[in-house]
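As a plain string of letters, each chain reads:
2 protein chains.
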Amino acid sequence: MATQPLINAGRLWNRLMALAEIGATPAGGVNRQALSDGEIAAWRRVIGWGLDAGLTPSTDAAGNLFLTLAGRDRAAPPLLLGSHLDSQPTGGKFDGAAGVMAALEATVSLAEQGDRPARDLIVVAWMNEEGSRFAPGMMGSEAFAGERDMAAIRVARDADGISVGEALDRLHAAFPDLPHRSLGFAVDAYLELHIEQGPLLEAAVRTIGVVTGIQGKKTFQVVVEGAEGHAGTLAQQERRDALAAFARIATALHEEIGSIDPDIKFTIGRLSVQPNAPSVVPSRIIFSIDLRHPDNSVLDAAGVRITALCGEHAPPCSVAVTPLVDAPSNAFDPRLRELIAQAAREQEFPATDILSAAGHDARHLAKVCPSAMVFIPCRDGASHVEHEWAEPDHVAAGASVLAQVLRELAFALTPFAGKTRGN
Amino acid sequence: MATQPLINAGRLWNRLMALAEIGATPAGGVNRQALSDGEIAAWRRVIGWGLDAGLTPSTDAAGNLFLTLAGRDRAAPPLLLGSHLDSQPTGGKFDGAAGVMAALEATVSLAEQGDRPARDLIVVAWMNEEGSRFAPGMMGSEAFAGERDMAAIRVARDADGISVGEALDRLHAAFPDLPHRSLGFAVDAYLELHIEQGPLLEAAVRTIGVVTGIQGKKTFQVVVEGAEGHAGTLAQQERRDALAAFARIATALHEEIGSIDPDIKFTIGRLSVQPNAPSVVPSRIIFSIDLRHPDNSVLDAAGVRITALCGEHAPPCSVAVTPLVDAPSNAFDPRLRELIAQAAREQEFPATDILSAAGHDARHLAKVCPSAMVFIPCRDGASHVEHEWAEPDHVAAGASVLAQVLRELAFALTPFAGKTRGN
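Top line first, the protein sequences correspond to chains A and B. Quick note: the first sequence uses UniProt numbering, first residue 1, plus one each step. Quick note: the second sequence uses UniProt numbering, first residue 1, plus one each step.
Each hint should be verified, as a subset may be incorrect.
Stated by the list, open to error - Some chain B residues close to chain A (C-beta under 8 Å, calculated; not the full set): (1) Gln88; (2) Gly131; (3) Ala135; (4) Gln197; (5) Glu228; (6) Gly229; (7) Gly232; (8) Ile264; (9) Ile268; (10) Leu271; (11) Arg292.
Hint data in this document are derived by calculation from the structure and do not stem from the laboratory. We put the beta carbon where it would ideally sit given N, CA and C, even for glycine.
Whole structure, please, built from the sequences with the hints as guidance.
Listed below in structure tokens is the structure:
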């Protein structure tokens, strides 16, 4: 166990709670959607805390926020650690925010110790992880990793018709003095702490989850087209009722796809009806599908069946299924996982390997540098809900494990990624 | 056939088209919802046309608009004729507006003839017939007929949280000089022209529909309550997914209720999802049901099955079914129907008896005075759609039949309703 604390647990908790005031909902949750006024306010607060500790803020074309602690070799690829500050519309205090604040706390505590790290340490808050305002999510980390083009990202629009490009320009205009880094740069290693968003750590009474990888995910947008008509006059057999077709499709999907095996996760989370009036037969339904599974072959087969079932149950309406996200499952860097497990052992926190059921920005960083994640439990496994909760002790434990791994990497004379390549 | 025209068909058509400019949609339809700025603008135009012909405008606590042509006996119960000026969000140029403009044209033409009628003639535009902004519809005529209390009407809210009371006060504030009549007054007889909103007249090549009555209608609001959760982590078997429950309910309802017999009309037209985010299991679905049938016993039995099917298919979610409208089918006044049929015969317009599949304000007037309706065809039976269309000749024919019946009642020495009671 470390002889002296690696972080200031009280400060971390207080800052996390202070951050949760921005976008706070009456039911105790957080509504701080990507590129919103709330996220701009959160940036101001986080930048302020970074400046207090001598960290230098910057951004990039994708609206990611960076806070840099300068190392001895400014030219060496930096260590990157963080998560995201945006939330679901009825989200909680911890999803994303805990990871950014733990990364900031680990870095600030290290800076306060006075030793200059061998290379830059950069705390990051990725743009639009959630994808609730602008779909699909993880825009910032995907752009950083070179997987999605900024031109394509900028044209996505929210429900009010505002584009990502407009919202991004507005964010940047709110911080006119913030330096812009080029989009995507060489990184030595990436670390991310997150609440589990599932019940496994709590059930196993483990404080630290050493994340082995992330289950695969596919998302789709489906448009069902029928024909409008008067609810009181158009004969039932002459209708092309888009909502009736949707109900058949959704029932078939939930029955077949939802019961493939105990590991499948199938969700229709968003839906819109046109014209959405009580006495008009609906002409168009647009809905989202979120599909996840740890086994890529199961995921691919389910994706094929989704398209087939939509086609089978739509008539007399027509249907168009558009894939949005196709992210296969991945495995995190084994040596980073071992460093996390070792830190948990030394600090005497009960730990276990765990597969991430939810997607995270680390999925995209893993394609450009060695990456890993630390999970902490959340009450009842509940996340994306306003009563989402993590115990202060668990937040502190996770941040302390993160801080230990960070120190081992920060003061190593050889770059971590370089060692990987050398081995 | 009348020796000289009873109406000015060109003026009627031009005014109907001018009215359609208010709230015009790019696709050629009309979006002029109840108590909106569009409806206020429509009032201004219609009031102006009434004033030009010597009609006196007034309103009441329910936001109904009246235009009165004074008769010889101001104390005698007036003849009332009209329809509504509000539309569906993607409605057409004729639903409601054709009835108000035909009533205005018949009254203005009569006034121009110079003979003063025996009793007042009042053109009316009822408040919120459609029910698309504030549910349920027909608020103005129900309040007028004493069937619904203004206090209950005023608390209904639109999707933006604006109450009927607030919107009504805003409407009245826009017309500070308009006199207020007391809500609900004795009426001698009520006449309403409307497009059929169905395909029967067109298919039978009839210009005039003598409406025998209105099919019965029930509406419900259904709330399905589940539990929110993370789409990527919450196990399928532990979910209480409100959208999955809704899909099962809607499929069962469309299958069973939608196939009771060829006369049934079953529609789920409006639906909202909470929190409506792609990666959150939906916690709550609220949807509307619109059910219609000419036979009250079939309607009642279907209503019972709707509640039962919701209960059967909701678990593990809970469900609450709230009846909103329960309007049995009704028959219009036989003597007024004969006057309409006779006018059509004399003017040599092909006519037929027809049951109204859609609901109309006349349903509520029929409870307080002898009432009847004149239908005209609409292309392909399409209504509540932006391409809704009625031929100029058919609009003119309907208005001319309406004008002839109006003249027979307006100059009769004995009140029409009085005769009914006397017989």
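Task: Indices of hints not satisfied (ascending) - done: Of the numbered hints, all hold.
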